[in-house]
Amino acid sequence: DAKTTQPNSMESNEEEPVHLPCNHSTISGTDYIHWYRQLPSQGPEYVIHGLTSNVNNRMASLAIAEDRKSSTLILHRATLRDAAVYYCILRDADGANNLFFGTGTRLTVIP
Amino acid sequence: NAGVMQNPRHLVRRRGQEARLRCSPMKGHSHVYWYRQLPEEGLKFMVYLQKENIIDESGMPKERFSAEFPKEGPSILRIQQVVRGDSAAYFCASSTGAGINQPQHFGDGTRLSIL
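Top line first, the protein sequences correspond to chains A and B. When you read off a place in the first sequence, starting at 1, and then add 50, the result is the number in my numbering. When you read off a place in the second sequence, starting at 1, and then add 93, the result is the number in my numbering.
So here's chain B without its partners, still in its complex pose:
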């Protein structure tokens, strides 16, 4: 049973470039969450998606960041015109449902470094 798969594991970009992070949820999971962990800090929620819908993007920066979870294929977190402050570990999680007794299963993250 494959867990949550994130790729790439490491991504290096220069300032001003675009970063695309991919997340394939566990089989049968239709709920996806993205979190960001800045160096030496805790994880912070960014966005919650179900297939083809953004449910909650209250933690997402208003500019340069977008997320999608198409009907087919992985969820994508896109960061346009990256800046040094975007350097962080980005984690994706998935669950079977949105209930509060539903665990979220995490991938091992994408570590984004901005030169």
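Excised from the complex, chain A in its bound form:
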């Protein structure tokens, strides 16, 4: 699986939007971009995924650059419950079925 690069940590004020970046300059044409998050003392939680087009769901939006070398997870209005480690993961058709969790971005939400 191609590698991703994320900032180690970010802070956001409560009720403000959060943009979590992810670089994946070696992404291949068939790689899907997945985002998961892990709240304290819980298992990872699926957030969103996409291939080329931007995606929206009830949790977040995923903005994918035109060249697909980077993507941004957007939380439209951060709440204290959004404090977690966010993982950007690439999945390719030729790769293993498992998820490769890097170090992720630890998001702190300030009340």
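None of these hints come from the bench; they were simulated from the model. One should not assume that every hint holds.
[As the list claims (entries may be wrong)] What follows is a list of derived Cβ distance ranges for each label pair:
1. A:Ile-124 - B:Gln-173: 42 to 52 Å
2. B:Asp-149 - A:Glu-95: 19 to 29 Å
3. B:Val-176 - A:Glu-116: 46 to 56 Å
4. B:Pro-101 - A:Met-60: 30 to 40 Å
5. B:Arg-108 - A:Arg-131: 35 to 45 Å
Keep in mind that this is a model prediction, so the values were computed, not measured. Every residue, glycine too, gets a C-beta built ideally from N, C-alpha and C.
With chain A held as given, fit chain B onto it using these hints.
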């Protein structure tokens, strides 16, 4: 709709004992994955199973660890003769299929402590 259920949530064992961790996937899911998270580290893949078959065990230690997913009942991760280094959180995930656009749904893990 029940999510992925793991039990026990916490398990304490003495060195040399056996640990058995159970995972019931979401209803309708026939693909199960086990991951391990050591303290202050990220999750690492261990094994991927479908009903009655081990598909990929490339992340599983060669000795003392085994996994199964029988036709009936939960998936079991077994650790024999546990050592202090086995202390970790063990997470199970399930999915409906193996496609790369299929999300994996995780349980809240079993925290194993070795005395």
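Original post:
Which earlier hints turn out false for this structure, listed by number in ascending order?
Top reply: none
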